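*Asks:* One line per chain: the protein sequences are A, B and C, in this order.
Start counting the first sequence at 1; every next residue gets the next number (our numbering).
Start counting the second sequence at 1; every next residue gets the next number (our numbering).
Start counting the third sequence at 1; every next residue gets the next number (our numbering).
Hints should not be assumed to be uniformly reliable.
Once the Cα atoms are required to be at most 25 Å apart in a straight line, the calculated DMTMM-like pairs of lysine to aspartate or glutamate come out as [claimed, not checked]:
| id | chain 1 | residue 1 | chain 2 | residue 2 |
| --- | --- | --- | --- | --- |
| 1 | B | 78 | A | 190 |
| 2 | B | 78 | A | 93 |
| 3 | A | 117 | C | 78 |
| 4 | B | 194 | A | 192 |
According to the in silico footprint, chain A covers these stretches of chain C (three or more CB under 8 Å from chain A) [to be verified]:
| id | region |
| --- | --- |
| 5 | 64 to 78 |
| 6 | 233 to 244 |
Hint data in this document are derived by calculation from the structure and do not stem from the laboratory.
What you are looking at is a predicted structure, and each value in this text was computed from that prediction instead of being measured.
Glycine residues also receive a C-beta, built at the ideal position from the N, C-alpha and C atoms.
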Amino acid sequence: MDILNIFKLALGEMLSPTTITFVLCALGLAVHFGFTGLLNFGQAAFAAVGAYGMVISIDTLKLPLFLAVLMGILCSVIFALILGIPTLRLRADYLAIVTIATAEVFRYFMTTIGFSKVTGGSNGLSQFGSEFWAMNPIPAGNYNFGFATYRADQLYVLMVGWGAVIIGALILRLLMRSPWGRVLKGIREDEDAVRSLGKNVFFYKLQALIIGGVFASIGGMIFVLNLSNVQPQVWTTNFTFTIWSVLLLGGAATILGPIAGGMIFIALISITQGLMSGLVDMGLLPFLTQPDIAQIRLLLIGLSLMLLVIFRPQGLFGNKKETQFNG
Amino acid sequence: MANSNAKSTDQIAIGEIAPGCRKVDPILIADGVKRQFGGLTAVDVAHVEIPRGLITALIGPNGAGKTTFFNLLTGFDKPNQGNWSFEGQKLAGMSPYKVARLGMIRTFQLTKALSLLTVIENMRLGAQKQPGESFLTSLIRPLWIRREKEITDVADTLLKRFKLDAKREDYAASLSGGQRKLLEMARALMSEPKLIMLDEPMAGVNPALTQSLLDHIKDLKSNGTTVLFVEHDMHMVRHISDWVIVMAEGKVVAEGPPAIVMKDQAVIDAYLGAHHDTDLGTLAKPAVSRTTKKGDK
Amino acid sequence: MNIALRNTLGRFGRIVAALTILFSIFGGPILSQASAASTDGSPLIITGTVKNEKKPVEGVEFRITGNGLDEIATSNAEGKWLLEVEKKGIYEVEILLESLPKGVGLRDPEANIREANLNATNTAAVLFPLGKDTRVVQPIGDQIIIRLFAGLNLGLLLAVAAIGISLIFGTTGLNNFAHGEMVTFGALFTWLFHVELKMPLLVAAAITIVLSAGFGWLQDSALWKPLRKRRLGLNQIMIVSIGLSIILRQLFILFFEGDTKVLSSEYEKVVLGPINTTSSSLVSMGLSVAALAFVAWFLTRTRIGKAARAVSDNAALAAATGINVERIIRIVWVMAGALTGLAGILYGLQFQANYLLGAQILLLLFAAVTLGGLGKALGATVGAIIIGFVVELSALVIPIDLKYAAALIILIVVLLVRPQGVLGKKQRIG
Numbered sequence: 001m002d003i004l005n006i007f008k009l010a011l012g013e014m015l016s017p018t019t020i021t022f023v024l025c026a027l028g029l030a031v032h033f034g035f036t037g038l039l040n041f042g043q044a045a046f047a048a049v050g051a052y053g054m055v056i057s058i059d060t061l062k063l064p065l066f067l068a069v070l071m072g073i074l075c076s077v078i079f080a081l082i083l084g085i086p087t088l089r090l091r092a093d094y095l096a097i098v099t100i101a102t103a104e105v106f107r108y109f110m111t112t113i114g115f116s117k118v119t120g121g122s123n124g125l126s127q128f129g130s131e132f133w134a135m136n137p138i139p140a141g142n143y144n145f146g147f148a149t150y151r152a153d154q155l156y157v158l159m160v161g162w163g164a165v166i167i168g169a170l171i172l173r174l175l176m177r178s179p180w181g182r183v184l185k186g187i188r189e190d191e192d193a194v195r196s197l198g199k200n201v202f203f204y205k206l207q208a209l210i211i212g213g214v215f216a217s218i219g220g221m222i223f224v225l226n227l228s229n230v231q232p233q234v235w236t237t238n239f240t241f242t243i244w245s246v247l248l249l250g251g252a253a254t255i256l257g258p259i260a261g262g263m264i265f266i267a268l269i270s271i272t273q274g275l276m277s278g279l280v281d282m283g284l285l286p287f288l289t290q291p292d293i294a295q296i297r298l299l300l301i302g303l304s305l306m307l308l309v310i311f312r313p314q315g316l317f318g319n320k321k322e323t324q325f326n327g
Numbered sequence: 001m002a003n004s005n006a007k008s009t010d011q012i013a014i015g016e017i018a019p020g021c022r023k024v025d026p027i028l029i030a031d032g033v034k035r036q037f038g039g040l041t042a043v044d045v046a047h048v049e050i051p052r053g054l055i056t057a058l059i060g061p062n063g064a065g066k067t068t069f070f071n072l073l074t075g076f077d078k079p080n081q082g083n084w085s086f087e088g089q090k091l092a093g094m095s096p097y098k099v100a101r102l103g104m105i106r107t108f109q110l111t112k113a114l115s116l117l118t119v120i121e122n123m124r125l126g127a128q129k130q131p132g133e134s135f136l137t138s139l140i141r142p143l144w145i146r147r148e149k150e151i152t153d154v155a156d157t158l159l160k161r162f163k164l165d166a167k168r169e170d171y172a173a174s175l176s177g178g179q180r181k182l183l184e185m186a187r188a189l190m191s192e193p194k195l196i197m198l199d200e201p202m203a204g205v206n207p208a209l210t211q212s213l214l215d216h217i218k219d220l221k222s223n224g225t226t227v228l229f230v231e232h233d234m235h236m237v238r239h240i241s242d243w244v245i246v247m248a249e250g251k252v253v254a255e256g257p258p259a260i261v262m263k264d265q266a267v268i269d270a271y272l273g274a275h276h277d278t279d280l281g282t283l284a285k286p287a288v289s290r291t292t293k294k295g296d297k
Numbered sequence: 001m002n003i004a005l006r007n008t009l010g011r012f013g014r015i016v017a018a019l020t021i022l023f024s025i026f027g028g029p030i031l032s033q034a035s036a037a038s039t040d041g042s043p044l045i046i047t048g049t050v051k052n053e054k055k056p057v058e059g060v061e062f063r064i065t066g067n068g069l070d071e072i073a074t075s076n077a078e079g080k081w082l083l084e085v086e087k088k089g090i091y092e093v094e095i096l097l098e099s100l101p102k103g104v105g106l107r108d109p110e111a112n113i114r115e116a117n118l119n120a121t122n123t124a125a126v127l128f129p130l131g132k133d134t135r136v137v138q139p140i141g142d143q144i145i146i147r148l149f150a151g152l153n154l155g156l157l158l159a160v161a162a163i164g165i166s167l168i169f170g171t172t173g174l175n176n177f178a179h180g181e182m183v184t185f186g187a188l189f190t191w192l193f194h195v196e197l198k199m200p201l202l203v204a205a206a207i208t209i210v211l212s213a214g215f216g217w218l219q220d221s222a223l224w225k226p227l228r229k230r231r232l233g234l235n236q237i238m239i240v241s242i243g244l245s246i247i248l249r250q251l252f253i254l255f256f257e258g259d260t261k262v263l264s265s266e267y268e269k270v271v272l273g274p275i276n277t278t279s280s281s282l283v284s285m286g287l288s289v290a291a292l293a294f295v296a297w298f299l300t301r302t303r304i305g306k307a308a309r310a311v312s313d314n315a316a317l318a319a320a321t322g323i324n325v326e327r328i329i330r331i332v333w334v335m336a337g338a339l340t341g342l343a344g345i346l347y348g349l350q351f352q353a354n355y356l357l358g359a360q361i362l363l364l365l366f367a368a369v370t371l372g373g374l375g376k377a378l379g380a381t382v383g384a385i386i387i388g389f390v391v392e393l394s395a396l397v398i399p400i401d402l403k404y405a406a407a408l409i410i411l412i413v414v415l416l417v418r419p420q421g422v423l424g425k426k427q428r429i430g
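Based on the provided sequences and hints, a complete structural model is requested.
*Replies:* Right, dumping it as structure tokens:
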């Protein structure tokens, strides 16, 4: 078993476009749940709406990339409005069920053959990346960073993705330290109290839903740009709950939490998988075979979700007092 | 009574003092407000006026509909029918936050201190007209920092007055029950309300804090704020209120100056119906005001 | 507190260990041989071309299942379809007849499912020769009757599973996201005992129901009760149940593999007017009705049942009148386990089973419970039957692959318009 290699792989995964996507979605979920107290179980759909919005704008509407990205963001805003206007008056657990159901409905609609001319159906779409790749400013070639070697196109995606994470985190920091963020936190604590102080709670919740959704949509766009394809099977409830794990690991009511949480989460899973795989090769885990190891990944996500919520709801970086499940 | 500057009855009400009587200068007028839960009528107020600039107590036995009436007036619950207005502005159907913005601020029976915000953040949240509370402005600090400083100064003054200044940076969760009541009241004052509606401000407050709470309520009046409060404790009511409104079974059954209302047969009936051991002072003289309840019989 | 934590952890560890042992005793020997991923790195592909009278047919859908996979592939303008898979092994490819153009059918109408063997090669081609549709087009009246029957069948199954959710929500306030896995549990264990260990179906089903009841008991005593004692918020417990559902699903796939299991091959065809059904479907419907009747009797006529309803109405009040709330909750969990296991058995017998079975119907169950009014057992039954009808009847007017979406849209609309459910009492919410 090559321990060094396992750690190198983990380091690579920590920075990977997948991590970027999870981090952006988790930052959005932090706005929803950590700061405002909204139980959104449909974050995968926000990412998917952004991704499909952008891809269909390029593929069907023939828009340039820049406008297509704006379209993706616009779609997620509209999605938040459609989802939020009727549901934000509901009880928290009803909101959870409505969001998860809406996310599944959206996935069914992206999969159905009826719209496959536009959505690509279950095969998805893949002819949209050329403009993105053409904008790569990094000269072709391989770049060695010790733990990993990146091609120019890989480096380009990472640069764009982490750039988005940094800008997004800075914006969130400004927002959450402002009186606007204060109102959101107040709503998380007790929305009636905030109402009684003359704040339009519904409007703030809607704003929070939109902002968090836009973060997820950008995450979704980076995910599909990196793969150069978008497929409906990606945006399942498992995707959503992975984001929940990331958020809860880092700390729901923080900004650093989702970022560090995402990186640590992915690294831990990668290392566990690597170690188990090594042990299986050495015949030390007779119950398991190599393909089983892939299943362990999701199992770990479920386990961490359970243990975090029970034993450390504030996450690694959160203040114990500042995470609340008002249930 | 305890209020040295108390107005005489005819300076407050017009004509005969009876449930629903008109006031010289009402700040809040409710008309035919009715709320039913299933088949039960929780509130059925034919007419009531709250006098401006005074302390009015809303009393009544448990289940009399006081809190529900509060909820209705402030938009937290919707009545089946009825109209009410605040300073001439119709409020029926208005959202709670809009009611609050008009200067009619309420507190809650179960204190709603925002536990995971610090005391000072709780206070700041109470202030109105904050540019930093709109999304776009919030991103640009210079646009809201001046107002933030202003409201922080106001908050610090209030905290000092309510003796919470030592707790400034603590989470509200760490406060005692009484301190939370104080914080909630102080927070409500951040918006400089014209009418403050306190739902059982004394409930769960230890006796040591009670006196200072009473003083604060009296201070409110001297600063020109109208106070309407729900309370169980009769002694408290007698001490600080200028006017008392009695509810029973959803209806206003009596009103008047505290000294007189406490002797009212309808009030005694209403209370004795609920709990016999309530001390209403001397239970001797006949009622001064007629009651709708008696009239119905 | 710390001791409580350790107890919880310790207990949980023990369950995992117990489950592992249980699985290694029962599951170990019968697990099919390990499927290895493609070793040379080239992709594994299942593919095919559909042509009708030598012209490619676009938009035909194929459902590919097996080895943990359940996906749909669609033919393109050249009539070509393909799916890349991760694991070697044998897959089942089903051509979805609904996706064929009008008047086009299979040349061999019986062969709508074929195998794709990727054990030896990296590409498996699966062909479905098309020809004139020999299926008889039924008059719309008959179609409606057929759909109503199918809807009733599905609705009854959902009802048996949904009552458990409803009882648990009523007594504990928990929206249990791991409930679907209890359905899967019933289906997979019946397959294990009946198909793999060759026990008679009734014996296998009986053991499974006992195990399911035990599973409910275990969940409550090892996990949910300690969490209630720790006064974890309901939303927190809900997220714990999500974690549990993911874990259980992965355990199922580890121990039962991801392929689709056929629980029973003995289908006796029964024709009732326009309805073509099987004897097992009829028996299943009968059993569902019996189970539902039993629950109704239990809740209204027995002391424990009445106590359970009292706890649902107001736990504090029930406790004050001397009802042992924790004991009632335990009984509810055991009952929910048994009922949900039964639902899994019936579902598996009629529709086959894999590790995703429960997860796929979970939202339908929530829809049923919500429709009927959360926490109301009778409501859940009515809600489930409505959902069954909606799912099946919607297929008459919208594409068949959106029929679940239709049920979820109903769920969303109900929550928005009438959050207390169709039968629930109106109350103030939020």
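*Asks:* Could you run down the list of hints and mark each one as holding or not?
*Replies:* Results of checking the hints against the structure:
Taking the CA atoms of residue 78 of chain B and residue 190 of chain A, the gap is about 20 Å. The hint holds against a cut of 25 Å. Simply put, residue 78 of chain B and residue 93 of chain A have alpha-carbon atoms about 23 Å apart, close enough for the 25 Å limit, and the pair holds. For the hint linking residue 117 of chain A to residue 78 of chain C, the alpha-carbon distance of about 14 Å falls within 25 Å, and the restraint holds. With a CA separation close to 20 Å, the supplied pair residue 194 of chain B and residue 192 of chain A stays within the 25 Å bound.
Counting residues of the region 64 to 78 of chain C whose CB lies closer than 8 Å to any CB of chain A gives 6, so the stated coverage by that chain holds, three being the minimum. Note: the region 233 to 244 of chain C has 11 residues with beta-carbon separation from chain A under 8 Å; the three-residue rule is met and the coverage holds.
When held up to the earlier numbered hints, the structure conflicts with none and fits them all.
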